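Chemist: Order-wise, the sequence lines are chains A, B and C. If you count by my numbering, then the first sequence holds residues 194 to 528, one letter each, in order. If you count by my numbering, then the second sequence holds residues 7 to 377, one letter each, in order. If you count by my numbering, then the third sequence holds residues -17 to 313, one letter each, in order.
Where hints are given, some of them may not hold.
[Said to hold, decoys possible] BS3-like, lysine-lysine: derived pairs with alpha carbons at most 27 angstroms apart:
#: 1; chain 1: A; residue 1: 217; chain 2: B; residue 2: 15
#: 2; chain 1: B; residue 1: 91; chain 2: B; residue 2: 126
#: 3; chain 1: A; residue 1: 217; chain 2: C; residue 2: 204
#: 4; chain 1: C; residue 1: 220; chain 2: A; residue 2: 275
#: 5; chain 1: A; residue 1: 282; chain 2: C; residue 2: 221
#: 6; chain 1: C; residue 1: 146; chain 2: B; residue 2: 96
#: 7; chain 1: A; residue 1: 340; chain 2: A; residue 2: 327
#: 8; chain 1: A; residue 1: 228; chain 2: A; residue 2: 327
#: 9; chain 1: C; residue 1: 206; chain 2: A; residue 2: 217
#: 10; chain 1: C; residue 1: 220; chain 2: A; residue 2: 327
#: 11; chain 1: A; residue 1: 282; chain 2: C; residue 2: 204
#: 12; chain 1: C; residue 1: 40; chain 2: A; residue 2: 499
#: 13; chain 1: C; residue 1: 146; chain 2: A; residue 2: 275
#: 14; chain 1: C; residue 1: 206; chain 2: A; residue 2: 292
#: 15; chain 1: B; residue 1: 15; chain 2: A; residue 2: 486
#: 16; chain 1: C; residue 1: 146; chain 2: A; residue 2: 292
#: 17; chain 1: C; residue 1: 146; chain 2: A; residue 2: 282
#: 18; chain 1: A; residue 1: 327; chain 2: C; residue 2: 221
#: 19; chain 1: A; residue 1: 282; chain 2: C; residue 2: 220
#: 20; chain 1: C; residue 1: 225; chain 2: A; residue 2: 348
#: 21; chain 1: B; residue 1: 76; chain 2: C; residue 2: 146
#: 22; chain 1: A; residue 1: 292; chain 2: C; residue 2: 220
#: 23; chain 1: B; residue 1: 101; chain 2: C; residue 2: 146
#: 24; chain 1: A; residue 1: 462; chain 2: A; residue 2: 499
[Stated by the list, open to error] Counterexamples of contact, computed for chain C against chain A with all Cβ distances above 10 angstroms:
#: 25; residue: -10
#: 26; residue: 12
#: 27; residue: 37
#: 28; residue: 45
#: 29; residue: 73
#: 30; residue: 101
#: 31; residue: 205
#: 32; residue: 208
#: 33; residue: 219
#: 34; residue: 226
#: 35; residue: 229
#: 36; residue: 233
#: 37; residue: 237
#: 38; residue: 303
Since the hints were derived computationally from the structure, they do not count as laboratory data. Note that the coordinates shown come from a computational prediction; the quantities given were computed from them, not determined experimentally. We treat Cβ as the ideally placed atom computed from N, Cα and C, and that holds for glycine.
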Amino acid sequence: MNEKTLLEVKDLSIYFNLREGVLKAIDGISFNVDKNSTVGIVGESGSGKSVTAQAMMRILPDTAEIKTGEINYYKDPNNPIKIHTLPDKSPILGNMRGKEISMIFQEPMSAFSPLHTIGHQMIECLMLHTPMTKQEARERAIEMLAKVGISNPMKRVDQYSFELSGGMRQRAMIAIALSTNPSIVIADEPTTSLDVTIQAQILKLMKDMQAEFNMSIIFITHNLGVIAQMADMIQVMYLGKIMESGTAEEIFYEPRHPYTINLLKAIPKIGSSSNGKLEAIPGQIPGPFDIQKGCKFCTRCPSAIKGLCDLRTPELKKYSETHSVSCWKCLEQEK
Amino acid sequence: MKTQDENAKLKYYTASQWQLIWWRFRKHRLSIIGMTILGIFIIFALFPEFFAPYSATERNGESVLCPPSKIVFKNSDGNFSLAPKVYGFKRERNKETLKMDYVVDETNVQPLKFFIKGEKYKLFGFLPGSIHLYGVEKGFVHLWGTDTMARDIFSRTIFATRSSLSIGILGLAIAFIIGLLIGGVSGYFGGWVDNFFQRLTEFIRSIPTYPLWMGVAAAMPREWGPKTVYFMMTIILGFIGWTTLARRIRSQIISIREADFVIAAKLCGASDMRIIFKHMIPTFISYVIVDLTISFPNMILSETSLSFLGLGLRPPVTSWGVLLRSAQNLNSIVNSPWMFIPAIFVILAVLSFSFVGDGLRDAADPYSEKS
Amino acid sequence: MIKYILTKLAIMLVTIFFVSIVVFIIIELPPGDFADNFAAEKASAGETLSQSDVENLKERYGLNQSIHERYFKWIWGIVSRGDFGTSFRYNRPVMMVIGERITFTTCLALLTILFTYLIAIPIGIYSAMRQYTLGDYAFTFLGYLGLSIPSFLLALLLLYFSTKYTNTSIGGLFSPEFQNAPWSFARFVDMLKHIWVAAVVLAVAGTAKIIRTLRATLLDEKSKLYVTAAKARGVSGKKLLLKYPVRVAMNPIASTLGWELSAIISGSPIVAVVLSIPDMGPLYLTSLLSQDMYLAGTLLIFMSLMTIIGTFLSDILLAIMDPRIRLGIKI
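The shape of chain A in the complex, shown without the other chains (with noise of 0.2 angstroms):
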């Protein structure tokens, strides 16, 4: 925590209720959020990453309950805003929504409304949020369409999401999420449904935007690639805990969690030998409800210890001011 922090999520655990048990969605993870700085999120599919997005903008379902922890939004850096205590229906949520914190969705078909136009949507969040007018809004749209490289932005603001491409519609989003001039940018996937040169496009889109519009982006996905161009700082995930943070050199050139290690090693390589077998990390992700003692990655770690990963979680070992591990054979070896 400085003078730089914008956002401190302190030991958050998030359980879901739910009909077959608790699903303990993330299980006590801390990490901050600087200005004007992006931090990534990288994990596998059931990683947490995405219930942490929605965490931070309190939109998760209804079964959803913050058991622990903190998420502080340090606008004012004395007073900072306690996300967590405030009740769902809470006005400084409503206000915090789309205005401070905004979102970009992976599946940018689905999270437009199929009867209502893109433009609606951009003008209804600014007239949410600011006190323009219908006909200024809609000169605001129109200007952010632009700013996003959506040709012909005046004919575009009316139609409908199924009328544009994926990568326009993604476009569009980035545009509603910006017009509002936020101060962090949470982005979910949000190119994982887009083809490959067209990912390259909004990459470049989203890092223009954020030295336009200063603001701090939280980008979640599992592609390694896409978080090495846009992350100063990365967090990894695996089943709802942080098993290693730092900026990308230090998680990139010198990673030290068995998970983070196998998973840069996975990355197939350009010029490896053809007949190389790919390294897959052995074993399954476990299921949701089955609790596990101990370090959650040591049923598949390869460098598990006996009757230690497996019995108690691991404590935090620091290796410089930004880069942790939580891992006992990180712990061991420095002995």
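Based on the hints, put chains B and C in the right spot on chain A.
Modeler: Frame of chain A; chains B and C shown alone:
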């Protein structure tokens, strides 16, 4: 050695489609209740002679519109006893209305006996028997009173179950066959065949259903015997009911035709016959059965409504609709509310089919929310 | 959009033509004809008609011509003169016999639709948003009941209870003083005071069905991504609910408006018979039973026409409500 947990999982993985459906179905309490009620009705329909103390046409002398018999659980000293007794009625002139009223006659007592030997009958037309579920040795017991022709309503209702249910089943069968042919051909071939049948179905649906039935049913000459009328009624119900079924079957076939799993099966080298019988038909059958079950209440309601109007089944064939027809003349029954009791059977039958249909639908669809 | 409307209009006209043929076939189905029926009635009353009398009757009403001839004569009469034929029984032009009844049936149908949607939509929304609460279960149960009770039975029961306990019959359409009076606002109000019972009875089945559909659709929609996305933009509360999932859930409801109307028109004759409402229904029944074929046929055509127009209007409504249909996109 497999653990108990693993055994249970194995059982689940290797269960057949029908077993899975049954297990899911079992969890719906309402559906099980519905199924039980339907089971009871079917038993009534199969063995009405046993359950009913009298035949559908037997008359109790002049006791027209007699109220339900009063049954008490007392013995002659006035204390509680488990043996039920039936009080008879005598008729007295009401001093105000000057009409003959039925008054409970406590001197006329008969013990209510179960499994009593009564009128002879022939089950299914050939198995002789004479045991009835309940009855009295002398006199009459009318659990639900009598109608305008002094016939026991309880007995008539039980016998009516057979006609009402069977006509529904037969009508549905006919509707299903027609629907399968038209919907199947339409969905399978596509193209102009499909277009033609679609238009045809839409044209037919433009004519409001009940008035259409009424028109066709009214065409049946007065001279036709009740059995012919019964037969024609099933045809009428079937011919009008096919449109909904055809539409559903068509959409099922279209979606299965294009389904990925069919293509996958083809790519695995499965023969056409195998694909049709082992892949397409099982998928399709469970939905069709659900559709059939859901269409059934419509059949019952239609037959009841038509018979109520006098355009459907005719006496001596009894159905619930025919029974309710007597209730149409309000003046004669304003003091005899028991005439409405067959309506409860109608409502129960429809409710039960609805519950079962809903339960089946949730059970057969592996993607539905309820697991 | 215009193209869409014109296409639907063309289909409508073809349908009406087709329906007229089917209707004519149906009313021609019963063996014998009006003359024979008439003679049989007279015979059972004690009067016998001679063979030549019967022949004369047939001659007069054109019952001797072939079925094609009679059909074309009839259609031509309708199209050129608005003449729907003569009612044998009443010995007057069919349209005169039908008279006001078309208005009554239309009023009944419209009032029923109004009741149906006014009641069903709020309850459907409530049920979906308060899933698994007591209110939800209660409405679900009532819904099942509504679907299981035949409408004529409900009408009969209402009639029974009102007669027995309040000594006034709820049947009929007008109080005595307005029965034959000319149309006025007061007469209209009087009609409403009587017709609402039939409208409620007819509305029951449709309401139950719509509540179920709306509830299911809304449950589906409210967990979809665009709702979460709207919430993420700061939309909240009632607005979030009504503007997004409810609005989308309305489309399937609107698409069934035509069928609902058809079902209401279909069920109205029976209810009208039970509640003694002198609209097209009871007249249709009696004309069928006496083989008054032009009368029966015309009534059936009018009822079909109402259904067809209703479907047409519902298609237009759906096109207005759903841009995907307007733009011809396959969903």
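Chemist: Evaluate each hint against the coordinates.
Modeler: Hint by hint, here is what the structure shows:
1. Of the supplied pair hints, the one linking residue 217 of chain A and residue 15 of chain B holds, its CA atoms being roughly 24 angstroms apart against a limit of 27 angstroms.
2. Our distance criterion of 27 angstroms between C-alpha atoms is met by residue 91 of chain B and residue 126 of chain B, whose separation comes to about 24 angstroms.
3. The hinted pair formed by residue 217 of chain A and residue 204 of chain C meets the criterion: a straight-line CA distance of about 24 angstroms does not exceed 27 angstroms.
4. Between residue 220 of chain C and residue 275 of chain A, the direct Cα distance comes to roughly 25 angstroms. Compliance with the 27 angstroms bound is thereby established for this hinted pair.
5. As the CA atoms of residue 282 of chain A and residue 221 of chain C are separated by approximately 13 angstroms, the hinted pair is consistent with the 27 angstroms bound.
6. For the hint pairing residue 146 of chain C with residue 96 of chain B, the CA-to-CA distance comes to about 24 angstroms; that is within 27 angstroms, so the pair holds.
7. For the suggested pair residue 340 of chain A and residue 327 of chain A, the alpha carbons sit about 20 angstroms apart, so the restraint of at most 27 angstroms is met.
8. Of the supplied pair hints, the one linking residue 228 of chain A and residue 327 of chain A is violated, its CA atoms being roughly 31 angstroms apart against a limit of 27 angstroms.
9. For the suggested pair residue 206 of chain C and residue 217 of chain A, the alpha carbons sit about 22 angstroms apart, so the restraint of at most 27 angstroms is met.
10. Distance hint between residue 220 of chain C and residue 327 of chain A is fulfilled; the C-alpha atoms sit about 21 angstroms from each other, no more than 27 angstroms.
11. Between residue 282 of chain A and residue 204 of chain C, the direct Cα distance comes to roughly 17 angstroms. Compliance with the 27 angstroms bound is thereby established for this hinted pair.
12. Pair hint residue 40 of chain C plus residue 499 of chain A does not hold up; C-alpha atoms about 104 angstroms apart against a cutoff of 27 angstroms.
13. For the proposed pair residue 146 of chain C and residue 275 of chain A, the alpha carbon gap of about 66 angstroms is over 27 angstroms, so the pair is violated.
14. Distance check on the hinted pair: residue 206 of chain C and residue 292 of chain A sit about 22 angstroms apart at the alpha-carbon level, within 27 angstroms; holds.
15. The suggested pairing of residue 15 of chain B with residue 486 of chain A holds, with an alpha-carbon distance near 24 angstroms, which does not exceed 27 angstroms.
16. Of the supplied pair hints, the one linking residue 146 of chain C and residue 292 of chain A is violated, its CA atoms being roughly 65 angstroms apart against a limit of 27 angstroms.
17. Our distance criterion of 27 angstroms between C-alpha atoms is broken by residue 146 of chain C and residue 282 of chain A, whose separation comes to about 53 angstroms.
18. Between residue 327 of chain A and residue 221 of chain C, the direct Cα distance comes to roughly 18 angstroms. Compliance with the 27 angstroms bound is thereby established for this hinted pair.
19. In summary, the hint linking residue 282 of chain A to residue 220 of chain C is supported, as the alpha carbons are separated by about 11 angstroms, within the 27 angstroms threshold.
20. With a CA separation close to 24 angstroms, the supplied pair residue 225 of chain C and residue 348 of chain A stays within the 27 angstroms bound.
21. Between the alpha carbons of residue 76 of chain B and residue 146 of chain C the distance comes to roughly 23 angstroms, so the proposed pair stays at or under 27 angstroms and holds.
22. For the suggested pair residue 292 of chain A and residue 220 of chain C, the alpha carbons sit about 20 angstroms apart, so the restraint of at most 27 angstroms is met.
23. Proximity of residue 101 of chain B to residue 146 of chain C is assessed by CA-CA distance (about 20 angstroms); at most 27 angstroms being required, the pair is judged to hold.
24. A hinted pair counts as satisfied when its Cα atoms are at most 27 angstroms apart, and residue 462 of chain A with residue 499 of chain A does not qualify at roughly 33 angstroms.
25. Look at residue -10 of chain C: its CB is around 21 angstroms from the nearest CB on chain A, clear of 10 angstroms, so calling it non-interface holds up.
26. Consistency note on residue 12 of chain C: stated as away from chain A, and its beta-carbon is indeed over 10 angstroms from all of that chain's, at 51 angstroms minimum.
27. Every beta carbon of chain A lies more than 10 angstroms from that of residue 37 of chain C, the smallest distance being close to 66 angstroms; the non-interface claim holds.
28. Every beta carbon of chain A lies more than 10 angstroms from that of residue 45 of chain C, the smallest distance being close to 57 angstroms; the non-interface claim holds.
29. Under the 10 angstroms C-beta cut-off, the non-interface status given to residue 73 of chain C relative to chain A holds; the minimum distance is some 56 angstroms.
30. With 10 angstroms as the threshold on Cβ separation, the claim that residue 101 of chain C sits away from chain A holds: the shortest Cβ distance comes to roughly 24 angstroms.
31. Distance to chain A contradicts residue 205 of chain C as a non-interface residue, since its nearest Cβ pair spans about 7 angstroms, not more than 10 angstroms.
32. Separation of residue 208 of chain C from chain A is inadequate, the least Cβ-Cβ distance of about 5 angstroms not exceeding the 10 angstroms criterion.
33. Residue-level check failed: residue 219 of chain C sits 7 angstroms from the nearest beta carbon of chain A, not beyond 10 angstroms.
34. Distance check for residue 226 of chain C against chain A: the nearest CB is about 6 angstroms away, which does not clear 10 angstroms, and the non-interface claim fails.
35. Not every CB of chain A is more than 10 angstroms from the CB of residue 229 of chain C (nearest about 6 angstroms), against its label as outside the interface.
36. Under the 10 angstroms C-beta cut-off, the non-interface status given to residue 233 of chain C relative to chain A is violated; the minimum distance is some 8 angstroms.
37. With a least CB separation of 14 angstroms from chain A, residue 237 of chain C remains clear of the 10 angstroms interface cut-off, as annotated.
38. Its beta-carbon lying about 8 angstroms from the closest one in chain A, residue 303 of chain C breaks the requirement of being farther than 10 angstroms from that chain.
The structure shown violates the earlier hints numbered 8, 12, 13, 16, 17, 24, 31, 32, 33, 34, 35, 36 and 38.
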